[in-house]
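Those sequence lines, one after another, are chains Y and F.
So the first sequence is residues 1 to 110, counted in our numbering.
So the second sequence is residues 111 to 223, counted in our numbering.
Simulated from the structure, these hints should not be mistaken for laboratory data.
Some hints here could point you the wrong way.
Here's a subset of chain F near chain Y, in silico, CB distances under 7 Å, partners left out [unchecked claim]: (1) L155; (2) Y158; (3) F214.
Straight-line distance between alpha carbons at most 30 Å, and here's what the computed BS3-like set of lysine-lysine pairs gives [unchecked claim]: (4) Y:K102 <-> F:K124; (5) Y:K102 <-> Y:K67; (6) Y:K67 <-> Y:K3; (7) Y:K41 <-> F:K119; (8) Y:K57 <-> Y:K37; (9) Y:K41 <-> F:K124; (10) Y:K102 <-> Y:K57; (11) Y:K40 <-> Y:K56; (12) Y:K41 <-> Y:K57; (13) Y:K105 <-> F:K119; (14) Y:K37 <-> Y:K105; (15) Y:K102 <-> Y:K3; (16) F:K119 <-> Y:K102; (17) Y:K68 <-> Y:K41; (18) Y:K40 <-> Y:K3; (19) Y:K68 <-> Y:K56; (20) F:K119 <-> Y:K40; (21) Y:K68 <-> Y:K57; (22) Y:K37 <-> F:K119; (23) Y:K56 <-> F:K124.
Chain F residues, not near chain Y, derived (Cβ > 12 Å throughout) [said to hold, decoys possible]: (24) Q121; (25) V122; (26) S128; (27) M129; (28) S143; (29) P149; (30) N172; (31) D183; (32) R187; (33) L189; (34) S194; (35) V223.
We put the CB at the ideal spot given by N, CA and C, even for glycine.
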Amino acid sequence: EDKVVQSPLSLVVHEGDTVTLNCSYEVTNFRSLLWYKQEKKAPTFLFMLTSSGIEKKSGRLSSILDKKELFSILNITATQTGDSAIYLCAGGGGSEKLVFGKGTKLTVNP
Amino acid sequence: NAGVTQTPKFQVLKTGQSMTLQCAQDMNHEYMSWYRQDPGMGLRLIHYSVGAGITDQGEVPNGYNVSRSTTEDFPLRLLSAAPSQTSVYFCATLMAPANTEAFFGQGTRLTVV
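This is chain Y alone, in the form it adopts within the complex (with noise of 0.2 Å):
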């Protein structure tokens, strides 16, 4: 059974600290690693990761995949409380559906 699995669950910060969260995956015919950051309503997506070694960016988030070791982290630094949510990761494969993690949720305290 296909399975995502993220650390920490929880994590709480001071504005300015560089944070990392972890996702491991067992997904059949893997082909994606994506991340979400949810807030209070619906997941809004940040990256998705289909080659190893490759990093992404977009401002101070960063991600990057290794397909060997099954895993993804999420870099975030200069943290801001805008920053507190769940961030999610979610992996795609053959069976055609995203597998979600339990999530990590983030609070940056000022």
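Keeping the supplied structure of chain Y fixed, place chain F upon it in accordance with the hints.
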């Protein structure tokens, strides 16, 4: 451009009642799915569809039915609501098989009393 539209946004049901959560998309995506989200549990897949006339079960299908008669619509039916089905429900669509971003509706918060 509406994207993915879910209705209703909020619903309170009594135990044993039935209802249908609606999901409509105007992006011509083949793949549609329903997730439920409970505190600390992430998003769990209920049912999904790879095209009109084709549906399959996800991780937590019990107590729910779906059908896909058109590309645009993917309703989720609760047959006999139970308090364990109190949750936030999200409909999501994908353009291609699991290798593109998923587009989410705004969610339906369901409470079963």
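Evaluation of the provided hints:
no. : hint              : in the structure
1   : L155              : holds, 6 Å
2   : Y158              : holds, 5 Å
3   : F214              : holds, 4 Å
4   : Y:K102 <-> F:K124 : holds, 28 Å
5   : Y:K102 <-> Y:K67  : holds, 21 Å
6   : Y:K67 <-> Y:K3    : holds, 15 Å
7   : Y:K41 <-> F:K119  : holds, 11 Å
8   : Y:K57 <-> Y:K37   : holds, 15 Å
9   : Y:K41 <-> F:K124  : holds, 25 Å
10  : Y:K102 <-> Y:K57  : holds, 23 Å
11  : Y:K40 <-> Y:K56   : holds, 25 Å
12  : Y:K41 <-> Y:K57   : holds, 24 Å
13  : Y:K105 <-> F:K119 : holds, 24 Å
14  : Y:K37 <-> Y:K105  : holds, 10 Å
15  : Y:K102 <-> Y:K3   : holds, 10 Å
16  : F:K119 <-> Y:K102 : holds, 23 Å
17  : Y:K68 <-> Y:K41   : violated, 34 Å
18  : Y:K40 <-> Y:K3    : holds, 25 Å
19  : Y:K68 <-> Y:K56   : holds, 18 Å
20  : F:K119 <-> Y:K40  : holds, 13 Å
21  : Y:K68 <-> Y:K57   : holds, 21 Å
22  : Y:K37 <-> F:K119  : holds, 20 Å
23  : Y:K56 <-> F:K124  : violated, 47 Å
24  : Q121              : holds, 16 Å
25  : V122              : holds, 19 Å
26  : S128              : holds, 25 Å
27  : M129              : holds, 21 Å
28  : S143              : violated, 6 Å
29  : P149              : violated, 10 Å
30  : N172              : holds, 16 Å
31  : D183              : holds, 19 Å
32  : R187              : holds, 20 Å
33  : L189              : holds, 22 Å
34  : S194              : holds, 18 Å
35  : V223              : holds, 23 Å
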